[in-house]
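Peer 1: Listed below, chain by chain, are the residues.
4 protein chains.
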Amino acid sequence: MATLRAAIIGAAGYTGSELVRLVHRHPELSLAVVAARDNAGKRLDQVVRSTLGVKGVGELVLEAFDPEQARELAKRVDVAFLCLPHAASANAAKALYDAGLRVVDLSADFRLKSREVYEKTYGPHPAPELFEVAVYGLPELHRKELAGARLIAAPGCFPTSSILPLAPLLKAGLVAKDGIIVDSKSGVSGAGRTPGQAYHLPEAAEGIRPYKVAGAHRHTVEIEQELSLAAGDELKVVFTPQLAPMTRGILSIGYARLLPGKTEDDCRAAARDLYRDGLVSVLDQGVLPDTLWVRGSARAHVAYAVDTRVSTVLAMGALDNLAKGASAQAIQALNVAMGWPDAHGLPEIAAFP
Amino acid sequence: MATLRAAIIGAAGYTGSELVRLVHRHPELSLAVVAARDNAGKRLDQVVRSTLGVKGVGELVLEAFDPEQARELAKRVDVAFLCLPHAASANAAKALYDAGLRVVDLSADFRLKSREVYEKTYGPHPAPELFEVAVYGLPELHRKELAGARLIAAPGCFPTSSILPLAPLLKAGLVAKDGIIVDSKSGVSGAGRTPGQAYHLPEAAEGIRPYKVAGAHRHTVEIEQELSLAAGDELKVVFTPQLAPMTRGILSIGYARLLPGKTEDDCRAAARDLYRDGLVSVLDQGVLPDTLWVRGSARAHVAYAVDTRVSTVLAMGALDNLAKGASAQAIQALNVAMGWPDAHGLPEIAAFP
Amino acid sequence: MATLRAAIIGAAGYTGSELVRLVHRHPELSLAVVAARDNAGKRLDQVVRSTLGVKGVGELVLEAFDPEQARELAKRVDVAFLCLPHAASANAAKALYDAGLRVVDLSADFRLKSREVYEKTYGPHPAPELFEVAVYGLPELHRKELAGARLIAAPGCFPTSSILPLAPLLKAGLVAKDGIIVDSKSGVSGAGRTPGQAYHLPEAAEGIRPYKVAGAHRHTVEIEQELSLAAGDELKVVFTPQLAPMTRGILSIGYARLLPGKTEDDCRAAARDLYRDGLVSVLDQGVLPDTLWVRGSARAHVAYAVDTRVSTVLAMGALDNLAKGASAQAIQALNVAMGWPDAHGLPEIAAFP
Amino acid sequence: MATLRAAIIGAAGYTGSELVRLVHRHPELSLAVVAARDNAGKRLDQVVRSTLGVKGVGELVLEAFDPEQARELAKRVDVAFLCLPHAASANAAKALYDAGLRVVDLSADFRLKSREVYEKTYGPHPAPELFEVAVYGLPELHRKELAGARLIAAPGCFPTSSILPLAPLLKAGLVAKDGIIVDSKSGVSGAGRTPGQAYHLPEAAEGIRPYKVAGAHRHTVEIEQELSLAAGDELKVVFTPQLAPMTRGILSIGYARLLPGKTEDDCRAAARDLYRDGLVSVLDQGVLPDTLWVRGSARAHVAYAVDTRVSTVLAMGALDNLAKGASAQAIQALNVAMGWPDAHGLPEIAAFP
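Chains as they are written, first to last, in the working numbering: chain R, 789 to 1141; chain F, 789 to 1141; chain H, 789 to 1141; chain G, 789 to 1141.
Take the hints with a grain of salt, since some may be wrong.
You can't tell identical chains apart in this list, so a pair holds if it fits in one copy or across any two.
Said to hold, decoys possible - Below, simulated DSBU-like cross-link-like pairs (lysine-lysine); rule was C-alpha separation at most 35 Å, straight line:
#	residue 1	residue 2
1	K1000	K1024
2	K1050	K830
3	K1024	K959
4	K1000	K965
5	K1024	K1050
6	K863	K959
7	K1000	K908
8	K1024	K965
9	K932	K830
10	K908	K830
11	K843	K1050
12	K843	K959
13	K908	K1024
14	K843	K932
15	K1000	K843
16	K1050	K965
17	K901	K830
Derived by calculation from the structure, the hints in this document are not laboratory data.
Using the sequences and the hints, build the whole thing.
Peer 2: As structure tokens, this is what we get:
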């Protein structure tokens, strides 16, 4: 019997449908409620066709969740995953948290520790009083805080892929804290399910392009927060998101100046040390990551290479933006909060090819 | 604890690596042995990179299986999945079967019931004496024979996608037995893992093309065997395989003449009746299938539409060629042979998108 | 010096931007006017980024064409290409035709010869009096009527790919007139430039799917009109459009019953005879078409294979839906109308790969 | 009548087939000879299917070129394009040059100015005496030397995409000469036509990955040579090639530290100044490049953005690796050598989409 009954609020989008897939096979979770504003009243299998014919899932009817109904929802479920736009998410999170539920929020609303930075980046925050209780749900870096956490902020996809390879180097004092560049390429599903010219197949396939460069992307501050924490010092990064012609996957390459006397082996050793637990594989010397190898998987791959001619380290991270970059990591964080193993009920092996 | 220890012979190819993924999450199976001729001696994670860092899997060393070692292997495992070329597979199957193992063969060696048709199509068969004990592993059509089966012939990918939508119509006497056309489009992984000009990304992406048309493809006789069985009469089909610019998925459209007085609703009703059990979803009127909806899933989708102007029914089937079209169906058949539910331990919800 | 000054009305869509590309290199055409309703006032290179920095093209400002301004436009250009929705196109065509311009209409408005069929399919027609002067712009089949034509209806993409391989067989009496099935797969650009869920890269890449099957697609009647003309008899076809995960290209496979005594060689001979002129390559025995080979080219490829076991011929056609299936064929038809060679100023060699 | 008769040696590969496409439409070039070692004796349209049915092209028979036949070849053609592996190319170039032909070499053999660097990177050079006469065929930077050149070294694809955006900044003294990072993503056609595991569609689509990082890629020294020339000083770069899941296109992002007092506008102004002639479009402020916009085009796009928080400039370049990155640039350089306009006979507008 499942321990926790789960609600997925915002089940019609990509992180929501990925949660449906993952919750369905998790031995301690049961899918009790699905909600979606625009598609309320429809069966889930009309909106997420991958559930067609799957008993107990496809025939669920999407509800129209309103934060005012939080108390009633709290009677039907034990944990709520929120896949909502920012601000709307904070409103829902507050109501559900106050109603006693465990909440895993996949929006950006509780990721940042500084209200000032949040409001500068996203606008007014409807529930800043929860900043204190929210835990940044990157289990590999915040394992202790996650134990028992009732409000988990699932990290962004670009940040996860950028922080994982760089954090060990900064924590171990292997690289300079200034001059860090993060060049990231994401599959199109990272842009969400709403169609747009930039994601129209004829204009997105067979082309690669940068967007929101030079500090314009909101994930920049999230990356900076966590890397500053790792470095024990405020730092800034150049962050360049790019859209790659594929559905899933992020490859991030962080460039940093290796400090004198440090080596590529030191980088791998630092990462292996930090990631002894969790769902991060540190690749051997000479093995370079590929997003294909983690498609659909809860694991991230990190790898290192040093250009010794100019003492620069490439800190590379690959993951599936919807899995380790969003929904699988959300469940991993819940697993840790509940005291279960990180990988509990999660797919660790990608569907290859 | 797992009930059955499994060997995957031919683990470096695509059906093999898909089995690795599926066996890893199956509660009654444990991955005990992986073998691969060309890559013997390497760690599995050097060859199937999706297993990197996955404990108990990635570090397995690929063995060089020889049928003469069947008895030793039989001490270490309970069931063997064979992902080998035809003829080589029959040799291995015979040795393992004789050694007392349960064998699931993913090659074509035990799919055909007529030795004559087999040898005309594939050449000499090394173990024709096993034709009698082998069961065609399409659980939706051979459930009874599969109970307790010790030698299972997992069906081909094109055949599964073609037979599933057409068989109910022939069984129920809704369509003419002659004049059937099957137009199929497969993702490139169906061609296997060996590189070739036709599968070189620059020449396979952004193009769609037929190959081995007009009876030249070996799957033609397999489709004909099963549809003849369903029809209770020998029949022939035009089968047109095509390579579509994607990795996974097969869409097959069978065209048949609807008999007088029969309707589209009759088609759906016949399919729903036949597929009450098993892993086939029959789509509602007006819903057309999409291979994306079954990517990575053990389920197949079938749908029907009738062009009433010319009394022709379109019998459509969509599945993942590596999952329901190969490895997941192999496990489904084993599940049935063992008396477990069809979906036991298998992913039913596709990774969408 | 260019002989004809051209206007492209609807230049922001895909057939429009393809015309911009083609007109730019045509030695007898100069691009004088570009118009686009929603983007009027913008520079062309803001909307069609492929023209960035191209002198005389990128800096053209999109105009807001109104049929009432037809007379003024007639002073500035000699020929107008219309890339507009149906009905709107007929309105524009009439005004421009009456103003003395040569008009090439890429909409469906003047393709059908029967007003009744048109109105049943598309709704009321605003200028049915022009049905008589309009010529169906498939030069390989309507060469004589095209000579001097002032109103050309550029054929649809699916129809061109379906008619070209089948028409020679019907004209030469090689196949039965009933029971014809056309199974077609198109790249996503065929759906136009407006984004939608079905064309959103994450839901269109890595999936293939049928749509508007069983007579529901409007191109069905266009195919039937031209094949009936070729057969000298009314006929119906089953037409199954499918969306393939690529940008450009259509592969159509027509299935027809070969009449007794006729052979695959007869099919090729009939096609070679009919297509001695024009831009259709008839492939040799054993060579099967691939949409990649015609990407960006004004040529179509046709090929034949016969399944002698059941006397069925596969009549296969491959083309680029935006080139030979739309804009390049529009110019080819204009070339013929002007007395120039079919290929004049057009790309005959695809960009491979 | 065409002024120059051309031979394409190595016509069966991708840069060769792209030259076939481009030469066919160039008003001053005629395709006289095609050669290809492995496919000698076959018709071109058997090997490059995009030429099927194109008169004067498809039926050309591939010859087996041997440098010893250089004198005979010199009687039949005026210019030879070499699409051969390095070393083999230098041998052919020397023979043909000595026989009086104009030679455009698309290999790496005459790109580097330092024999030492060449031999360290590629091994022994068979004709170092030609280093002096060879001109690096990037017309935007070597216009004067190209005038009348008889041996042109067509630049590499990654170098062209990296040098074009960075050179103006270094020439104008806007950025620091150290600490430059070039992060590049290429379509798979850049790897050539020989199939391999890494380019097998199932393993190349839906994945993005770095390779030969940290100085291991041979294009590194070519980039450094030209940027050092622009900077007037020896410099080193970190160069990170990546394989993107698409056929054509390279996006390179150069990261450099903006010097105090310099601005993003200065960058664009420097590029506009340097690229007043040639085939480089400098995008306006806020417009970011996309490889789709240059697919099949002879033009490159460059753009700039500055992250003012850390004074770093992103110098972005997008081009088609087979066109501006190889074959179209080869013809552009020949155009300049002959005194024709850069764009003469070349496609400037991409096939969009």
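Peer 1: Which earlier hints can't be squared with this structure?
Peer 2: 6, 9, 17
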